[in-house]
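Participant: Construct the entire structure; sequences and hints are all you get.
Okay, here's what each chain looks like letter by letter:
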Amino acid sequence: MRPELIVASKEFRDYLASKRFLLLFGLLALLSIIGAVSGIAEYNSDLETYNSNLQQAAASVGGMRFFVDMPSILQIFSSYGSYIATFGMLLALSMGFDMISREKEEGTLKILLTHPVFRDQVINGKIIGAVAMMVIVLLSTFLAIVAIMLFFGIVPAGDDIVRLGAFFGAVVLFLTAYLAIAVMASTISKNSSMAMLIAIAIVLVGMVIPNISETVADTVLGPAPEMTVISAGNTTTVGGVTQSQFIAFDASNRTQGGPPMQINQEYTDYYNKRNQITGLLNILSPSQDFTAISEVINGRLSSVGSIGAGGERGMFQRISGQTVSVWQSLSSVWMNFLALIVMIVVGFGVSYARFVRVDVR
Amino acid sequence: MNAVDALSLDVGKGEVFGFLGPNGSGKTTTIGMLVGLIEPTAGRCFVNGVDVTRNPLAAKKITGYLPDGIGFYPGLTARQNLKYFSRFYGMSDAAAEARIKELLEYVGLGGVEKPTEGYSRGMRQRLGLAQALLNDPEVIFMDEPTNGLDPQGVITFRNIIKDLAGKGKTVFFSSHVLEEVHQVSTTIGVISKGKIIARGTTDEVRRKMQGDDLTTIVVRVNGAMPQLALPGIVSAEYHDGSAIVKAKADIRDQISEELFRQNVRVRELRVRERTLEEVFLETVYGGAAQ
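Quick mapping for you: the protein sequence lines, in order, are chains A and B.
Its first residue numbered 1, the first sequence is counted upward by one per residue in this note's numbering.
Its first residue numbered 1, the second sequence is counted upward by one per residue in this note's numbering.
Read the hints as simulated data drawn from the structure, not as lab findings.
Where hints are given, some of them may not hold.
Facing chain B, from chain A, some residues (calculated, C-beta under 10 Å) [claimed, not checked]:
(1) A17
(2) R20
(3) L109
(4) K110
(5) I111
(6) T114
(7) V117
(8) D160
(9) E226
(10) V360
(11) R361
Across the chosen pairs, the derived CB separations fall in these ranges [said to hold, decoys possible]:
(12) A/L23 with B/T186: 52 to 62 Å
(13) B/D150 with A/V135: 40 to 50 Å
(14) A/E105 with B/A95: 30 to 40 Å
Straight-line alpha carbon distances no greater than 30 Å define the calculated DSSO-like cross-link-like pairs of lysine-lysine that follow [claimed, not checked]:
(15) B/K13 with B/K248
(16) B/K208 with B/K61
(17) B/K169 with B/K83
(18) A/K190 with B/K83
(19) B/K208 with B/K169
(20) B/K83 with B/K101
(21) A/K10 with B/K101
(22) A/K19 with A/K190
(23) B/K114 with B/K193
(24) B/K208 with B/K162
(25) B/K193 with A/K190
(26) B/K83 with A/K19
(27) B/K61 with B/K248
(28) B/K248 with A/K10
(29) A/K10 with B/K61
(30) B/K101 with B/K13
(31) B/K208 with B/K193
(32) B/K162 with B/K101
(33) A/K190 with B/K195
(34) B/K193 with B/K167
(35) B/K162 with A/K10
(36) B/K83 with B/K162
(37) B/K195 with B/K13
(38) A/K19 with B/K248
Here the structure is a predicted model, which is why all the values come from computation and not from measurement.
Here a beta-carbon is modelled for each residue, glycine too, at the ideal position from N, C-alpha and C.
Facilitator: Okay, here's the thing in structure tokens:
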């Protein structure tokens with residue numbers, strides 16, 4: 001057997017014997033099942049409402065167009081996504097923060113490295129073992145939810161299956177990014193306590209990045225101009241930036257023969273720039289990347305929504321009744337995917353570079 | 001600052017080499033380089049002709065290492081720990097199991113099935129030795145192997161080292177305790193501040209570290225000690241009824257004849273050799289421990 005696989009299988013077995021890992025895995029699995037059951041109940045309720053609306057529309061004279069979409073089975077995974085963003089993140093950190101530092105503390109590293117194995121094989125094996133275990137954990141929880149869905153008679157269609165696959169890929173990338181961060185902290189630290197502190201510090205920085213990006217954008221661009229709505233020759237000034245969330249819906253009126261509306265260019269330019277700045281900074285946060293990807297994939301959106309001055313998310317680019325392909329959704333968040341991949345490469349890359357040179361004595 | 005500086009050392013096949021030096025003198029760094037844990041910034045290390053830096057795997061296959069402060073995977077038993085390490089040598093399961101059983105019996109841990117987290121220091125050291133012997137190495141490196149062991153453990157370890165030497169293994173072990181090195185080594189090397197200051201058999205090292213070839217002769221007589229005027233005497237200290245003479249050679253016969261000629265009765269006439277410990281303490285610690 002290749003040395004990497006010997007190390008990987010040992011790492012794999014260690015996780016199965018770790019009470020900490022089993023506890024977090026158990027918790028994640030339990031929450032996933034609870035989330036799936038409640039998600040299914042909500043989906044069935046929404047489906048009932050949708051069918052009821054359809055019947056009413058068919059019965060009404062002359063018909064009437066409803067802008068209520070058919071509920072998506074992807075909403076069943078919304079709770080799962082939020083649990084992944086919290087408990088999953090915790091699981092990934094716990095799997096990596098003492099991967100190397102524990103071996104240094106326990107004195108096993110200097111024993112291991114005197115046997116016929118290269119250092120890069122050791123770190124590669126450890127990473128392979130951890131990632132394999134994480135994928136199995138995620139796959140088991142994911143498939144458990146799918147099994148529950150099938151049990152309740154909910155069968156995903158072709159588009160849903162592709163979106164679920166993309167969502168699963170995002171989940172794996174997201175947690176692998178946090179695993180890479182934790183492994184990096186473990187490799188550069190002298191002990192596990194310091195590794196944990198470094199990992200937590202990186203996570204906290206990631207969590208406050210959205211706030212920082214807002215502040216940076218406001219500082220760079222200055223105060224927002226007033227929004228002016230020009231409708232059929234009439235100009236109306238609307239106070240308050242949060243009005244922006246209605247723009248998409250108002251704009252849809254055009255397709256319904258409503259009065260043509262226009263917003264002053266200065267206002268739209270300001271928020272376009274603001275969104276560019278915040279979006280660019282937010283990709284540094286794995287959690288923000290995952291949130292953006294999840295919202296776009298599961299919400300069948302064509303782009304990530306902008307964030308209003310009050311922090312509320314709005315303007316998700318899909319008009320009621322419009323069909324957005326998986327490719328459209330994914331292409332709108334390619335930067336977020338790329339950011340996660342870069343974080344993984346950097347995290348594991350730093351770990352690798354540091355580990356092969358670490359002074360073991 | 002270099003932990004080891006221009007160190008040049010060779011140990012012959014089948015030797016039990018004691019590497020002696022105070023704490024922080026560079027013993028662990030030297031062993032670390034020899035077992036492939038530390039890459040030397042300059043120079044090369046060879047084990048049985050294999051360059052440790054350029055061909056580390058080949059070197060590791062013929063060496064065993066027992067580090068100071070050894071640790072094991074706490075949740076695994078001794079057998080499981082050794083089984084994990086045995087996989088890197090491509091041993092078959094059956095061969096590994098047989099070798100592990102044999103080694104655990106050899107170090108007195110046969111039948112101990114509890115996880116290593118409950119092991120005492122002595123048990124850990126013995127398991128460490130079993131781990132170092134897993135691949136039946138030609139050369140065994142041990143870093144302070146008896147450090148922290150009780151007297152019984154120390155004796156057990158000394159016997160094991162002698163037994164390994166009897167099997168033709170080359171043993172390279174370090175210690176800061178001279179008695180330890182003196183007891184089991186065939187040759188010794190003394191390191192201080194990263195440099196080898198003496199190398200050879202115990203007598204060779206003592207003489208080299210002593211710094212001169214003079215013989216010290218203790219003379220004790222009845223009554224007053226007369227002044228001696230013999231060729232070969234370099235210096236002498238005279239006391240009431242005794243003298244300590246430093247000479248270029250052992251001139252006890254001439255001293256005896258001279259005292260007989262002067263009608264002085266000799267009570268004691270002997271050569272006093274400084275012990276290795278005295279020389280070691282004086283040279284390495286500057287005599288502070290005396």
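Participant: Does each hint fit the structure? Answer for all of them.
Facilitator: Do the hints match the structure? See the list:
1. A17: For A/A17, the interface hint holds, since the closest Cβ of chain B sits about 6 Å away, which is under 10 Å.
2. R20: Hint on A/R20: violated, closest Cβ of chain B at ~12 Å, above 10 Å.
3. L109: holds, 8 Å
4. K110: Nearest chain B Cβ about 5 Å off; hint holds.
5. I111: Holds, about 6 Å.
6. T114: Where the cut-off is 10 Å and the nearest Cβ of chain B is about 4 Å from A/T114, the hint holds.
7. V117: holds, 5 Å
8. D160: Since the shortest Cβ distance to chain B is 43 Å, the answer is violated.
9. E226: Violated, because the Cβ-Cβ distance from A/E226 to chain B comes to roughly 66 Å (cut-off 10 Å).
10. V360: Since the shortest Cβ distance to chain B is 5 Å, the answer is holds.
11. R361: Because about 5 Å separates A/R361 from the closest Cβ in chain B, which is inside the 10 Å limit, the hint holds.
12. A/L23 with B/T186: 52 to 62 Å: holds, 55 Å
13. B/D150 with A/V135: 40 to 50 Å: holds, 49 Å
14. A/E105 with B/A95: 30 to 40 Å: The hint (30 to 40 Å, Cβ to Cβ) holds, given that A/E105 and B/A95 are roughly 32 Å apart.
15. B/K13 with B/K248: violated, 36 Å
16. B/K208 with B/K61: violated, 36 Å
17. B/K169 with B/K83: holds, 23 Å
18. A/K190 with B/K83: OK: A/K190 and B/K83 at ~28 Å, within 30 Å.
19. B/K208 with B/K169: holds, 28 Å
20. B/K83 with B/K101: Roughly 10 Å separates the two Cα atoms, so the pair holds.
21. A/K10 with B/K101: Distance of about 21 Å is within 30 Å: holds.
22. A/K19 with A/K190: Holds, at roughly 24 Å.
23. B/K114 with B/K193: violated, 42 Å
24. B/K208 with B/K162: Holds, at about 26 Å.
25. B/K193 with A/K190: Status holds; Cα separation ~26 Å.
26. B/K83 with A/K19: holds, 23 Å
27. B/K61 with B/K248: It is violated: about 51 Å lies between the C-alpha atoms, which goes past 30 Å.
28. B/K248 with A/K10: Between B/K248 and A/K10 the Cα gap is close to 66 Å, so the pair fails against 30 Å, i.e. violated.
29. A/K10 with B/K61: Holds, because 21 Å separates the two Cα atoms, which is no more than 30 Å.
30. B/K101 with B/K13: holds, 28 Å
31. B/K208 with B/K193: holds, 18 Å
32. B/K162 with B/K101: Given that 30 Å is the threshold and the Cα spacing comes to 21 Å, the pair holds.
33. A/K190 with B/K195: Within the cut-off at roughly 29 Å; holds.
34. B/K193 with B/K167: It is violated: about 34 Å lies between the C-alpha atoms, which goes past 30 Å.
35. B/K162 with A/K10: violated, 35 Å
36. B/K83 with B/K162: Holds, at roughly 26 Å.
37. B/K195 with B/K13: Distance ~23 Å between B/K195 and B/K13 Cα, so the pair holds.
38. A/K19 with B/K248: Given pair A/K19, B/K248 is violated - Cα atoms ~74 Å apart, limit 30 Å.
The structure is inconsistent with the numbered hints 2, 8, 9, 15, 16, 23, 27, 28, 34, 35 and 38, although it conforms to all the rest.
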